[in-house]
Each structure stands twice: as structure tokens, then as C-alpha cells.
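Participant: Using the hints provided, position chain R relative to the given structure of chain H.
Same order as they appear, the protein sequences are chains H and R. Be aware that the first sequence starts at 27, since it is given in the numbering used here, and climbs by one per residue. Be aware that the second sequence starts at 27, since it is given in the numbering used here, and climbs by one per residue.
Worth double-checking, as some hints may not be accurate.
You can't tell identical chains apart in this list, so a pair holds if it fits in one copy or across any two.
[Unchecked claim] Below, in silico cross-link-like pairs of lysine to aspartate or glutamate (EDC-like), each with a Cα-Cα straight-line distance of 20 Å or less: (1) Lys-298 with Asp-134; (2) Lys-454 with Asp-43; (3) Lys-298 with Glu-273; (4) Lys-475 with Glu-195; (5) Lys-298 with Glu-156; (6) Lys-454 with Glu-142; (7) Lys-298 with Glu-195; (8) Lys-475 with Glu-31; (9) Lys-501 with Glu-518; (10) Lys-475 with Glu-192; (11) Lys-454 with Glu-488; (12) Lys-475 with Glu-280; (13) Lys-501 with Glu-273.
No wet-lab data here; the hints were simulated from the structure.
Protein chains: 2
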Amino acid sequence: MNGAECLLRTLLANGVDLCIMNPGTSEMQFVSALDRVPGMRGVLGLFEGVCSGAADGYARMTGRPAATLLHLGPGLANGLANFHNARKALSPIVNIVGEHSTQHLGQDAPLTADIEAFARPVSGWVRTLECASAMGETASAAITAAIGPPGQVASLIVPADYSWSEAGEPGAVVQRAPRSLPTSETVRDIAAVLRSGRPVGLLLSGTALQARGLRAADRLRAATAARVFANRNGARMARGGDIPAAERIPYFPEAAQSLLAGIERMILVEAKRPVSFFGYPGLRSTLAPPECVFDILASLDQDGIGALEWLADELGAGPVPSGAVVRPVLPIGEPLTASAIGRAVGALVPEGAIFSDETVSCNEQIWPHLAGAPAHDHLPVTGGSIGQGLPVALGAALACPGRKVVALEADGSAMYTLQSLWTMAREKLDVTIVILANRRYRILDVEMKRTGARAVGPRADEMLDLTRPEPDWVKLSEGLGVQAVRATTADEFIREFSAAMREPGPRLIEAVLPRA
Amino acid sequence: MNGAECLLRTLLANGVDLCIMNPGTSEMQFVSALDRVPGMRGVLGLFEGVCSGAADGYARMTGRPAATLLHLGPGLANGLANFHNARKALSPIVNIVGEHSTQHLGQDAPLTADIEAFARPVSGWVRTLECASAMGETASAAITAAIGPPGQVASLIVPADYSWSEAGEPGAVVQRAPRSLPTSETVRDIAAVLRSGRPVGLLLSGTALQARGLRAADRLRAATAARVFANRNGARMARGGDIPAAERIPYFPEAAQSLLAGIERMILVEAKRPVSFFGYPGLRSTLAPPECVFDILASLDQDGIGALEWLADELGAGPVPSGAVVRPVLPIGEPLTASAIGRAVGALVPEGAIFSDETVSCNEQIWPHLAGAPAHDHLPVTGGSIGQGLPVALGAALACPGRKVVALEADGSAMYTLQSLWTMAREKLDVTIVILANRRYRILDVEMKRTGARAVGPRADEMLDLTRPEPDWVKLSEGLGVQAVRATTADEFIREFSAAMREPGPRLIEAVLPRA
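Pulled out of the complex, with its shape left as it was, chain H reads as follows (with noise of 0.2 Å):
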């Protein structure tokens, strides 16, 4: 078999079954292999930012690889920003490039570029294929390093006529090592500074903050009154229904340092130090107290859950009774505001619904809202890059298509990957973006004051405003084959988003907020 369908069989006989891609020239090997290797959903984007995230999504909520198929070095470099995202996220990716053939490297055609300098910065790890015949080996090393643990993109480039040439059979079924638990000792000593009495607290990330862990979290949260904080940042948080709430450390340094004063002992499940998302003049960028000690009881590539039921094992700490599920009240006849839609979404989400929360300066008015929604899976922005939601979205819902996928985007951050819809439509997922229209990079007005700079004057003003002219996303979305309706009331909000839980996907409702 040639390169191409070596390739594709070592995938899939590792349950590497969905390719998402936006291939050129020197990856037509593999396009044309798809019909001769059964097994294999191939998923186009209109634009490779779409690819990268979409498999970000597929990974989170999957714990599994998809690949990604790019054409060359610029192909790759628009995926980058939201590879950047799965780096952040540990999302095991297997990011398959196609390099010009080996006789036209070094002509310094047109597109010759540095794929592996492109690749590096977001990449755990990053080979060029060395000849066809190590196809099916390099392919198995390719998912062995992105599964790990922890997850990462790996990047494997693959000269074209390696494609094309005969390339023996495919490479090794790997399994992933499992991820270990603290030892003994570790767990032990945790639990002695659990009891102390003193001020601790847990910090999830990671795995820890799916339900079992956050179950676990809140036996020692009951047991031992140390306090349980979720990174706002890490790639997948359950939540809602009788799912245990961990307090999200927030975005600002301020907030998040006083949420966090007097915190003596944090213990890091998952978890990396808390940092802000800026640094700002005269402030810090920690967010712990300065004095406060910190435990690692499970690094990022462990078993966050395993390790904390073990200490709820050790510090006999029973079950915790489950509260009551408090959905938000409709907002009829209000004004559609970014709480409202909160409110709204947070009484009409179904069972196993999974965000896609792009929200921005809206997010602090929608987030608690969800909290009173039935049992569900919140994806934020891991890296910061925006342009991440729609994708996610995408790829959440091709991993879980039983499962209503919401995605909450800002206006400003939805328009980076608007080519997702294309692809939703094409895939028909069931997908509901919601488009928080407040016309500005909002955020920016707070984020100008706290840099320091002055007074936003007109020409400043200029590049944080989207009013001139106004997207339109009703037009922008049916452009792409996704129905849409426009929502400038609460009533209208939530009689589309009622039609949209009832109905499959994928929609979008544009919801247009009062300007500030």
C-alpha cells in the first residue's frame, strides 16, 4: 500500500476515525485513500482554523485523538491559533502536514516554508517523515505522543511522495500509558494538611474537573471545610444538575486575589499556580497569596479523580448529599441583556448539553446562570485565542451527537472562524450559536482603562468599535448554509432558543444587545 493509505490504516487501527482538513496538492494522496480505506469520516473546513479547533472539541470531550489534514506550512500556520488553544487544553491531536515532495524541496517554490519552525510553538512533538517505508512506524509515534498523558498536538509531516510511494504496513496499535496516582506518602501528607484546620484550598484542572472529580473535591470539601476552585481555563468542567460547584477563580487579578486571600495551603489537582490572564501596571500576576504553600497532588499528566478519591478514602470522607437543582427563572418581557439570555439558556437547556462559551465581556452576566442548568460540560477558551468557539462547538458535536451543543460566542470572537457554519450545515450537527451582539470588542474599553491608557478618544475608538458597519449575522450565517433568526427581546430570545432545544441544529440566533 501506498504512504497515504499506510497512514490512514495506522490511524484507524488506534480508533484515530475522524480526519478534519482543508487539504491541497500534496495531500490529495490521502483524500483519494478515503475511499479505499473504510473507516475513515472525513470532515472538511473551509478554513484550517476550523480544523484545529473543531478537533480541539472533538478531544475534550472524547479524551480521544482526532487527526487534522493541512496543506503545507501555510496551511498549517492558520490553524496555529487554535492549536495554540489545544496545547493549552492537553488535547491529544494527531496534525498531519503535507511537505512538498522531496525532489522539489529546496527549489523554493511558492509555498516552501519552514513547517516544522510553524509547527514547534504548539506541538509536543514534531516530526518530518524520513522516508516512506517509516510510514507506518512514525504514524504509530505520531499517536503515541499525542495521546500521552497528558494530551498534545502532534505534528507529523509527510512529503508528498512519501504519499505516493509504497510504504510496507501499517504501524503498531499503541496504547496509552495509564495516568498514574500520586504515591502514598504524597496522598498521606495531603491529608494531614486537609486536617490541620487551616485555610486550604483544592485547585481543579484538567480531568479532575469532570463529575467524579468534582464529587470527590466536594466529599473533602464536607469533610474537612478546605475549598474547592476550578481553573477558568482548563479544558472541560461538568457542571449543573447535582454535579458539586467549584468556585471558578475569576478573570480579573483583583477578584481573583480576593477570592483567593487567606488561602494558606493550595493543593494543585491537575492544576498549574494561578495566574492572571494579564499582567497590569502595579499589580500581580499570582493570585494565591504570597505566603501560600502549594501541594501538587496530582501533576497534569496523573489521574486527578483517582488521587482524590483516594484522600477522601483516606480522610474518611463520606458521600455528600446532592442539592437541589434551582433552574433560572424565564425573563419574560425583559429586555434581552446578556443575564437574561443567561437566565433563558440556563432554564432551556436539555440533559448533557455541552457549552461552547466564547463569551467575553458578557461572561460574569451569563456564567451563573448555567449553574441552575441540568447536568452538562462547559468548554471555555483554554489558550485565549479567540476564534475558538465556533470550532469547539463543531467538534463537540461531532464526538457526542446524541448531545445538544450551545455555543455562546461573542460577536467580536465568532467572526475569526465564521467558516464553522459552513461545516455544521454540511455535517448537519446539532449545534445552537448564540451570538452575544453588543457590536465591540467590549472587553477592550475595560482592558484600555486597566493597561493604563487614557480616555478612549475617537480615533481609539475607532478599532474597538463594530457598529460601522454592523455584521449581520443573520445574513452571515444563512450565507453559510445555517438558519438563522435575529432576537432583540427576551421574548424573542426565548421563543427561538425554546425552538432551537426542540429542534436538531444547526441554528443561530443573533442576539442583539443594548449598547453601553
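Facilitator: Below, chain R without anything else, positioned relative to chain H:
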């Protein structure tokens, strides 16, 4: 003054008075300074690839750099594909990227990335500012690096605290080194080659493809029977009216090798040895005959125009009478094909138009007819990264407000950076966009076969198809604030394109082509 103001004033003192940006928190000081530093025009792009491509288009038309202002690693990443094209175009660009404040670096915040690593593959010069007081001199160094010759992308990475700190006086006004001429020995030697009577070709690129260069080359052609070839991926080529034509090197290697067959000596004028776009099984990537000997009249950083004129004088080559311009005949009553569009555009476009040409499979049907248009400039894809056509058109329109810009766009390519339309609407730029809607990555049907892949099966077909669903470019354009119409016959196209030539833009025409 603070660092941001120092940087803006250094740019302005050096004639860099346009900044195309998609800023974030770390760049707010620059945005704020726009209101305190008169003369800097800020133009907002809603995606970074719009900014980098627009700066490329601006540079190609003015020979001068614009600045780009991008947000941290991921913002830069989104601009890389069009910086790749700019690198291949030898376009001068001062690329400013905000970085986290120095006290925030090392905290591994969500947006932390290796910005220099992202910048290096596309930049001839990369530097992270080392202290606020070095702002002026470092900005001057960036400008010096950008302007060359030849031009290049100079990436200046500015930690946020150096923008808000006191930075002292602006940097020096720098001068571009003049492009040098070849030695008289080189000119004499190449004159001898041209006098030999053997089959000689001149291959022009860079500034040599401007009207003066083509006229000098035409004197050589008339005096010596040398043939004059044009790099098809040069940054900018003058054409139409009485500008002498050059033979453009074809896209596919067989056609290019056939065109160049028999050439014994090839004289390079700001050009590299010609190579094919892609490598194919069993085909050479080099396009000149294997035994062809190359001579360099002017290297990429030299004065190709001056060198050609000197050579023509050395050979006593007199002026060549202008040929008559034969405008194409309007395709009245015809079906709407790429050829009909080419003829209509060639017949209707005014003198001094600028074509941003990102047609792919349709290119050969359009290109010949543009030769019959009045004198114009043609901006092709330089680095092969699609998604440059709309941004380059935007930048050319910013550069040349009195000239009509026509973007000839493949529907697949236009999708990558469609956000460009919004900036065209905001800046009320006189751009007419023609979307050649064949609803397919058509070139890949050809490339699939050429790379040796088998027939396009149904699953491969899905990866090339743009009909399920069909993007609606009228809605997409209107959604971004640009008026748009659809044409399905040549008569409709003629009517709409004529209207677009009469009235200022922007406006978009979706030209629906027959399915293959």
C-alpha cells in the same frame, strides 16, 4: 512620552503612516496613542490575516511599509499565512506584536506563547524589545530592516509594560539603501551573451516587472531576439495598454518546460531560477532546460530596471514603437464562463486599475483577456497561500485611493479571509470583488490526478465539493456591509460589472459559473 507614543512617532517620522490592526489588551497603549499622535491612520481588521495581507498589498503598490499591530502569539499566528505571501513578494512590513508585560512573562498564562518562534519563518528580522528606553532605536532598526532592499517583514515584539513606561525620544529617521546596479563587467558579459545570437531568455521579477523594466526588456527583445519571460508569482506586474508584454511562465511544469524549451542562457533580473509550483511523480521541478546556463543581471535586492536600461543602452537598443491595444469584445448573449468574465473585465475596466488576482483553476481563461485592458497593475498570489486576494485588494485600495481595484477571487480562496469585506465597507474603498463561484476546489480535481491518485471517489469528492451547502456570497457580502449582486449570465455580469466601474465601491459580484 511612553513607549507606545515613541513607537508611533518613530514610524511617522519615517513615513509609516498606516497601521492595520487587530489589537488586544497588550496593545491598548498603541490604540490609545492614536488620539495623541496625529497622522497615523488606524485601520481595523476583524481577523489578523486581513491585516497582514492588506499590508502586503499596500507595500506592493507603494513600495513603502505599512505597520501591522497584532495581539500576542495567537494574533500573530493568524496573520502568518499572508505574511508568508508577503515574504515571497519581498514586501516591506513593520509587524508589531504585543507581548505580555515582562513581570507577567514566565507565568505561563493562557495566552503565553513563543512569539519569536511564530515570527521567524516569515520575517527577515525579529526582535523582542529589551527595555522601554530602547523603543525609538529598535523601531528605527525594524524600519531599516523592513525597507531593505529588498523589502521584508520585520517583526518587533513589544512587552506591554514597555508601551506604558517612559521611553524617551523617537528613533532616528532612516534611509533605504539605494538598489545597486550590476558591475559594468556583468553588463558587458551579458551584452555579449545577448549578441551571441543563441536562444536567450530574460526572466523578470520584482521591480523589473514594472512598466519601465518591461519597456527596457522590450528594447532588448527587439534588438537581439531575446525572449522576455515573467515570473508568474512576482509581487506586481504592469500590463495592458501599451506596456510591452512578457511571456508569463505557466503554472504546470510540462507547459512551462515546453515554453522554455531550447533556451540556452537565461538572464535573471531580480528573479530566481524558475521552478514549478508543486513537484509531481516523474517530473522535473526545474523549468528551464537542464543544460541552460543562468546569468544574474540583477539580484533580488538590485535595481533591475536600471540594469535593463543600462544593458539596452550598452547594446544600442532603440525605443520600440507601441503596439495598438486591442480590447476584448464584450461577451454579449453568452453563457457566464471564466472566459466571458475575462473578456468583460478586460473590456470594461478603466485605465490604472489594479487587479488582485486569486483565481486558480479559472486563471488561464481570464488572464489572456486582461492584456487588452488599459494599462494596469496585476497582483498575483506570490507565496501560494490562498486567502490573500481580498486582503491584498484591501491594501492596494488603501495605497491608491484614486484607482479602481478589482479582486478576481476563487470562491474557495475568498472564504479564508472574507472578513476583509467588512474593512472595505468601513473604509469605503473602491474595490470591486468578482467571486468566480464554481462551488469547488476545482484545481484539486486536476492535482488529484497529477499526483498519481486514482479516480475521485464519492468520499474524496466530498472534500473538494462546495455545493453541500452552497455558500451564498451575496448574503455573506451583505452580512459584512458590502453591497452585492449575483450574475448568472454574461449579460448580467456585464451590467453589474459596468455599474461597479461607474460607481465607487466596495461592491461584490457573485459570478455563478457552470458546473463541470
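Participant: Hint by hint, say whether it matches the structure.
Facilitator: Status of each hint after checking the structure:
1. Lys-298 with Asp-134: between (43 Å within a copy, 9 Å between copies)
2. Lys-454 with Asp-43: Classified as within; 19 Å inside a copy, 47 Å across copies.
3. Lys-298 with Glu-273: Answer is within: at 16 Å inside a copy they meet the 20 Å cutoff, but 61 Å across does not.
4. Lys-475 with Glu-195: neither (60 Å within a copy, 24 Å between copies)
5. Lys-298 with Glu-156: Cα proximity of Lys-298 and Glu-156: none, with 37 Å in one copy and 28 Å across.
6. Lys-454 with Glu-142: neither (35 Å within a copy, 40 Å between copies)
7. Lys-298 with Glu-195: Neither: 42 Å inside a chain and 41 Å across chains, both beyond 20 Å.
8. Lys-475 with Glu-31: between (55 Å within a copy, 16 Å between copies)
9. Lys-501 with Glu-518: within (18 Å within a copy, 23 Å between copies)
10. Lys-475 with Glu-192: So Lys-475 and Glu-192 pass the 20 Å test across copies only (18 Å; inside, 61 Å).
11. Lys-454 with Glu-488: between (38 Å within a copy, 14 Å between copies)
12. Lys-475 with Glu-280: Answer is within; shortest intra-copy Cα gap is 14 Å, inter-copy 60 Å.
13. Lys-501 with Glu-273: This pair counts as neither: shortest intra-copy Cα distance 39 Å, inter-copy 43 Å.
When the structure is compared with the earlier hints, violations turn up for hints 4, 5, 6, 7, 13 and for no others.
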